[in-house]
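J.: So for the sequence shown, numbering that gives the first Met the number 0 puts the first residue at 0; every next one is plus one.
Do not rely on the hints blindly, as some may be mistaken.
Unchecked claim - Restraint ranges, calculated between C-beta atoms of paired labels, are given here:
| id | residue 1 | residue 2 | range |
| --- | --- | --- | --- |
| 1 | D25 | E58 | 22 to 30 Å |
| 2 | P21 | E76 | 18 to 26 Å |
| 3 | E58 | V112 | 50 to 58 Å |
| 4 | R42 | R80 | 27 to 35 Å |
| 5 | R18 | Y113 | 44 to 52 Å |
| 6 | H71 | R35 | 22 to 30 Å |
| 7 | Q114 | R18 | 26 to 34 Å |
Bear in mind the hints are in silico, worked out from the structure with no lab data behind them. From the three backbone atoms N, C-alpha and C, an ideal C-beta is built for every residue, glycine too.
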Amino acid sequence: MATDAWQRARERIVALWRRAQPDRADGIDGELETTRDDLLAARDAEDSEDEETRRELSEEWAGRMRRFLVAHPEVVEELRRVLDELSPALPGNDQAMNTTIHMRAEASGSGRVYQAGRDQHITER
């Protein structure tokens, strides 16, 4: 959230709003900064609310963007371009998400096989 990608994303989103709803652009800019501050505070708190905070803020902005795009369909393609440009730089978005993975494993006797196309957490006692 403190990266150049965040700054570019914020600037581009505010520019979309400024074109479609100029009277709301400054407010959106401030709300994006508030959201960023909330996310950073949740991350720094390192508690169980971090994931819940991220989910709530994500849902809030998804709804806000959906309503904005319904009211201003002329900016849909530009928003797609913005997201495509920023996609590799977004946290948690790596190229493995776009890769086909083929796995094959064999176990015999008491053997175990653990496979994952992404994160895997195993807890055994």
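J.: If you check the beta carbons of R18 and Y113, does the distance land in 44 to 52 Å?
T.: 50 Å, holds
J.: Between H71 and R35, does the C-beta distance stay in 22 to 30 Å?
T.: 23 Å, holds
J.: For Q114 and R18, compare the CB-CB distance with the range 26 to 34 Å and indicate the outcome.
T.: Once the Cβ atoms are compared, 47 Å apart, the range 26 to 34 Å for R18 and Q114 is violated.
J.: 22 to 30 Å was suggested as the range; check whether the CB atoms of D25 and E58 agree with it.
T.: 24 Å, holds
J.: Using the C-beta atoms of E58 and V112, is the stated range 50 to 58 Å upheld?
T.: Between E58 and V112, where Cβ atoms are some 36 Å apart, the hint is violated.
J.: Assuming the hint says 18 to 26 Å, is it satisfied by the Cβ distance from P21 to E76 or not?
T.: 20 Å, holds
J.: Against the range 27 to 35 Å, how does the distance between the Cβ atoms of R42 and R80 compare: consistent or not?
T.: 29 Å, holds
Of the numbered hints given earlier, the model fails hints 3, 7; all others are met.
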